[in-house]
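Novice: Starting from the given sequences, assemble the full structure and let the hints guide the process.
Residue numbers (my numbering), protein chains in the order written: chain A, 27 to 205; chain B, 21 to 684.
Keep in mind the hints are simulated off the structure, nothing from the lab. Watch out, some of these pointers could steer you wrong.
[Said to hold, decoys possible] Rough simulated footprint, nothing fancy, chain A against chain B, three-plus residues with beta-carbon under 8 angstroms: (1) 32-39; (2) 65-75; (3) 84-92.
[Unchecked claim] Derived pair list, reagent style DSS-like, types lysine-lysine, alpha-carbon separation capped at 25 angstroms: (4) B:Lys444 to B:Lys680; (5) B:Lys679 to A:Lys81; (6) B:Lys605 to B:Lys593; (7) B:Lys280 to B:Lys684; (8) B:Lys680 to B:Lys260; (9) B:Lys684 to A:Lys81; (10) B:Lys444 to B:Lys605; (11) B:Lys680 to A:Lys81; (12) B:Lys605 to B:Lys280; (13) B:Lys593 to B:Lys580; (14) B:Lys680 to A:Lys76; (15) A:Lys81 to B:Lys260; (16) B:Lys669 to B:Lys644; (17) B:Lys473 to B:Lys593; (18) B:Lys684 to B:Lys644.
Don't be surprised by glycine CBs; every beta carbon is placed ideally from N, CA and C.
Below, each chain spelled out in residue letters.
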Amino acid sequence: MGEETQSRAEWVSGALERYEQPLIRYACRYTGDMELARDVVQDTFLKLCKADRAKIERGLAGWLYTVCRNRALDVRKKEGRMGLIKDAQAVADPDESARPSSVAARRQEHAMVLEALESLPGDQQEAFRLKFQDHLTYREIGQVMGKSLGTVSRLLTKALESIRGQLRVGMDLAQETQS
Amino acid sequence: MKPEMNDEKLTAYVLGELEEEGRRAVEEALETDEIARRTVAELRTTVKLAEEALAPAEPPALTDAQREEIERRAQAAPARKPAWVWWGAAAAALLVIVAIGAAGGIAVLGKAKQAEHRSFDSDQKFFSPIFLDETASMETDVATRPEGANVVLGGARKASLARGRHSVDLLKQIDGRPGWTDVPDKSDWAGHDTEAYDHIVDNPFLAVAQNPLSTFSIDVDTASYSNVRRFLSQESMPPKDSVRIEEMVNYFSYDYAPPKGPDPFSVHVEVAQSPWSPGHRLARIGLKGREVEASARPPSNLVFLLDVSGSMTPPSKLGLLKKALKMLVGQLDERDRIAIAVYAGASGLVLPSTSCDDREAILDALSRLEAGGSTNGGEGIELAYETATKNFITGGVNRVILATDGDFNVGTTSQGDLQRLIEKKAETGVFLTVLGFGMGNLKDATLEKLADKGNGNYAYIDSLAEARKVLVEEMGGTLVTIAKDVKIQVEFNPERVHAFRLIGYENRLLAAEDFNDDTKDAGEIGAGHTVTALYEIVPAGQDVDLPGVDPLKYQKPMGKTGAAASGELFTLKLRYKMPDGDTSKLIERPVTDIGESWAEASNDFRFAAAVAGFGMLLRDSSFKGTATYASILALAEKALGEDPRGYRKELLGLVSSAKKLSGK
Numbered sequence: 027m028g029e030e031t032q033s034r035a036e037w038v039s040g041a042l043e044r045y046e047q048p049l050i051r052y053a054c055r056y057t058g059d060m061e062l063a064r065d066v067v068q069d070t071f072l073k074l075c076k077a078d079r080a081k082i083e084r085g086l087a088g089w090l091y092t093v094c095r096n097r098a099l100d101v102r103k104k105e106g107r108m109g110l111i112k113d114a115q116a117v118a119d120p121d122e123s124a125r126p127s128s129v130a131a132r133r134q135e136h137a138m139v140l141e142a143l144e145s146l147p148g149d150q151q152e153a154f155r156l157k158f159q160d161h162l163t164y165r166e167i168g169q170v171m172g173k174s175l176g177t178v179s180r181l182l183t184k185a186l187e188s189i190r191g192q193l194r195v196g197m198d199l200a201q202e203t204q205s
Numbered sequence: 021m022k023p024e025m026n027d028e029k030l031t032a033y034v035l036g037e038l039e040e041e042g043r044r045a046v047e048e049a050l051e052t053d054e055i056a057r058r059t060v061a062e063l064r065t066t067v068k069l070a071e072e073a074l075a076p077a078e079p080p081a082l083t084d085a086q087r088e089e090i091e092r093r094a095q096a097a098p099a100r101k102p103a104w105v106w107w108g109a110a111a112a113a114l115l116v117i118v119a120i121g122a123a124g125g126i127a128v129l130g131k132a133k134q135a136e137h138r139s140f141d142s143d144q145k146f147f148s149p150i151f152l153d154e155t156a157s158m159e160t161d162v163a164t165r166p167e168g169a170n171v172v173l174g175g176a177r178k179a180s181l182a183r184g185r186h187s188v189d190l191l192k193q194i195d196g197r198p199g200w201t202d203v204p205d206k207s208d209w210a211g212h213d214t215e216a217y218d219h220i221v222d223n224p225f226l227a228v229a230q231n232p233l234s235t236f237s238i239d240v241d242t243a244s245y246s247n248v249r250r251f252l253s254q255e256s257m258p259p260k261d262s263v264r265i266e267e268m269v270n271y272f273s274y275d276y277a278p279p280k281g282p283d284p285f286s287v288h289v290e291v292a293q294s295p296w297s298p299g300h301r302l303a304r305i306g307l308k309g310r311e312v313e314a315s316a317r318p319p320s321n322l323v324f325l326l327d328v329s330g331s332m333t334p335p336s337k338l339g340l341l342k343k344a345l346k347m348l349v350g351q352l353d354e355r356d357r358i359a360i361a362v363y364a365g366a367s368g369l370v371l372p373s374t375s376c377d378d379r380e381a382i383l384d385a386l387s388r389l390e391a392g393g394s395t396n397g398g399e400g401i402e403l404a405y406e407t408a409t410k411n412f413i414t415g416g417v418n419r420v421i422l423a424t425d426g427d428f429n430v431g432t433t434s435q436g437d438l439q440r441l442i443e444k445k446a447e448t449g450v451f452l453t454v455l456g457f458g459m460g461n462l463k464d465a466t467l468e469k470l471a472d473k474g475n476g477n478y479a480y481i482d483s484l485a486e487a488r489k490v491l492v493e494e495m496g497g498t499l500v501t502i503a504k505d506v507k508i509q510v511e512f513n514p515e516r517v518h519a520f521r522l523i524g525y526e527n528r529l530l531a532a533e534d535f536n537d538d539t540k541d542a543g544e545i546g547a548g549h550t551v552t553a554l555y556e557i558v559p560a561g562q563d564v565d566l567p568g569v570d571p572l573k574y575q576k577p578m579g580k581t582g583a584a585a586s587g588e589l590f591t592l593k594l595r596y597k598m599p600d601g602d603t604s605k606l607i608e609r610p611v612t613d614i615g616e617s618w619a620e621a622s623n624d625f626r627f628a629a630a631v632a633g634f635g636m637l638l639r640d641s642s643f644k645g646t647a648t649y650a651s652i653l654a655l656a657e658k659a660l661g662e663d664p665r666g667y668r669k670e671l672l673g674l675v676s677s678a679k680k681l682s683g684k
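Specialist: Encoded structure:
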């Protein structure tokens, strides 16, 4: 019994270590406020403490994101807040490790990606962010969004296609394709 | 038939969602299809930009108070409270309905029509974290929803039994034609996310009359055991092909006496009754590498080659990797040098070769690592070996330590190319250690082959405890190679043995003539390592169902020599080279069966046999005989011995889990 409790604590703390940051970022998309996002994520993990481990362990990422989103939407409704944090603001900080010569160009490209992303349909945006910001697998994205594997695959293909198209307008990818 | 390419398949390829076979099909198509090649290159550029654009400037975190609260509650939580499950699920489902109702009007979540469907599907979903069937997804017609709901649960249950089904469905969707369903289980979409394992076929019984020789390379890898442990501790059965029995047996160390003579390892053979086929005998061959005292350890020139691509982002990968390597650095001293190279979209040297005197600089460089971008393993490997060669210490440990989830998705990507590259690099005298990290994306087959080709060893690090075992407790074995290209050849005596079967080592088998061929690569043994191999033997005079061949028309079977009457069971021959040598040395030893019963066998013998039996059960091997999880548990329990660190005891828990999960 004691051993079981101990391993549960370890399990939760492992999940916390792995998902804390991505979940706060994710919640922030809905709450638009870092403090609220933290609260949402704390609630999510408190729920995890009580959850039936055997049932959710295999789909842990999906479970956490789903619970977190539901909680975030709940909070947002209560707080009456709208508006998402603009990623463009986050990108505005120069990346110290990049070489100075390419920093400006890179930043411009990143801004273009984010702009293109904003113009996509909601479900494509969601899938896109879950893939490239949260690094979830198709399977996990499907679980969070309640979509089939096939739908996730289509959403991501379409999203990448549109963004690729818009980037191509803005710059010449041709040189990078040969390598 | 050449599979047709489309953007959806290429996207799945670039995102690492394709399984081995599908990946190969795409790679094949890429060789001839210019448009597909351009598309892939563009996709990769876009993916890289997207990951960079979405990476946060400053990682957010919970407040300390919030963390503490969670940790306190996790401690206090009851181990199991079944009643709560249903309440919890119902409450969660309720939350979904409320939340989605609120979200209906918000652009982020899309159309209100979807929200309405979602509320229905969502509550089903909470009872099973497994992916929903496409047939029951939200696109289901409203009128057929009640049936749809049944399919959801049925489908999910089926999926839990036969994973990989969705893959076929999905491929059909991508392809729009049914031809892909012909692809067997190991099709493009893995049952376990995108993990990749090579198919293993159990070694069969061979008749000594036709096959008197058995030849194989030793293997000190342990990755399969920790990977199996990861699956079982997540309460799911490991895929059969992830179970390599020799790696499970070799995960444990055995109390074989160290060598006394000039040879770098000692050889111990024991023969006793087989526990799962009582008429048969089991022969255990045990090797024990010479121990090297910490003070006598040769100086090391280590190059860490670290995967910092996007897929390594989760703390369970990069975070664990950093901690693991810091532990290793803690073991090293002023004799040693460390360089750190990374690879992602671009590869680079983060830390030039630095003396471990300057531990601060090394630890600092490790701390500053961050993940991002896609993987170009090929370039990184070139760079790491170049660095290792430049700083080569004659008579010392020269080793590249590659840490990755194995997702080499940019640059030199074809498996063949990578293996050839590594094989060439191994000629420089630099050894390789491969540390596998993470889950859901682990390319087990790739990593095992790399270690095999690169004069190396492969361990899977699933926890800090495992990192401690591999990098601290067994540091000598992991780093200091005491003999290389160690091959075993056994010649069975037809007077005593009717047939034999090598248990495990399926992908280490060698041709009989490779034994004396010093150009043929084989496994390495590290300081203090133990290596164990088991043969199941059918004694002469007993029958076993063997696939026979017709008698030859032009030749008579070879006759027996006078030595056949010696009473010996078999002759064991070993060949090895010193770590920096080119010519092999031969050890030869005749073995006689003194008729030991199971009860008389040593603890080590019985434990190794129990682990092998467990492996056979996990693989659902047709050779498992009378073994059951319960019988293995009983056997292992009585063979724990001293087990100072509790590794053997841990096995008991895994066998119990497997018993419960399999319902057998």
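Novice: Now tell me if each hint is right for this structure.
Specialist: Going through the hints against the structure:
Note: the region 32-39 of chain B has 3 residues with beta-carbon separation from chain A under 8 angstroms; the three-residue rule is met and the coverage holds. For the region 65-75 of chain B, the assignment as covered by chain A holds, since 10 residues bring a beta-carbon within under 8 angstroms of that chain's beta-carbons and 3 suffice. Against chain A, the region 84-92 of chain B contributes 5 residues with a C-beta closer than 8 angstroms to a partner C-beta. That satisfies the three-residue criterion, and the hint holds. Distance check on the hinted pair: Lys444 of chain B and Lys680 of chain B sit about 46 angstroms apart at the alpha-carbon level, beyond 25 angstroms; violated.
For a cut-off of 25 angstroms, the pair hint linking Lys679 of chain B to Lys81 of chain A stands: about 18 angstroms separates their Cα positions. Taken as a hint, the Lys605 of chain B and Lys593 of chain B pair is honoured in the structure, with Cα atoms around 10 angstroms apart against an allowance of 25 angstroms. Distance hint between Lys280 of chain B and Lys684 of chain B is unfulfilled; the C-alpha atoms sit about 46 angstroms from each other, more than 25 angstroms. Between Lys680 of chain B and Lys260 of chain B, the direct Cα distance comes to roughly 17 angstroms. Compliance with the 25 angstroms bound is thereby established for this hinted pair.
Restraint check for Lys684 of chain B and Lys81 of chain A: satisfied, since their Cα atoms lie roughly 20 angstroms apart, inside the 25 angstroms limit. Between the alpha carbons of Lys444 of chain B and Lys605 of chain B the distance comes to roughly 24 angstroms, so the proposed pair stays at or under 25 angstroms and holds. About 15 angstroms separates the Cα atoms of Lys680 of chain B and Lys81 of chain A, which keeps this hinted pair within 25 angstroms; it holds. A distance of roughly 17 angstroms separates the Cα atoms of Lys605 of chain B and Lys280 of chain B; the hinted pair therefore holds under the 25 angstroms criterion.
Note on Lys593 of chain B and Lys580 of chain B: the hinted pairing holds, with a Cα-Cα distance of about 19 angstroms set against a maximum of 25 angstroms. In summary, the hint linking Lys680 of chain B to Lys76 of chain A is supported, as the alpha carbons are separated by about 23 angstroms, within the 25 angstroms threshold. Using a Cα cut-off of 25 angstroms, the hinted pair Lys81 of chain A and Lys260 of chain B holds, with the two alpha carbons roughly 23 angstroms apart. Between Lys669 of chain B and Lys644 of chain B, the direct Cα distance comes to roughly 22 angstroms. Compliance with the 25 angstroms bound is thereby established for this hinted pair.
The hinted pair formed by Lys473 of chain B and Lys593 of chain B meets the criterion: a straight-line CA distance of about 23 angstroms does not exceed 25 angstroms. About 14 angstroms separates the Cα atoms of Lys684 of chain B and Lys644 of chain B, which keeps this hinted pair within 25 angstroms; it holds.
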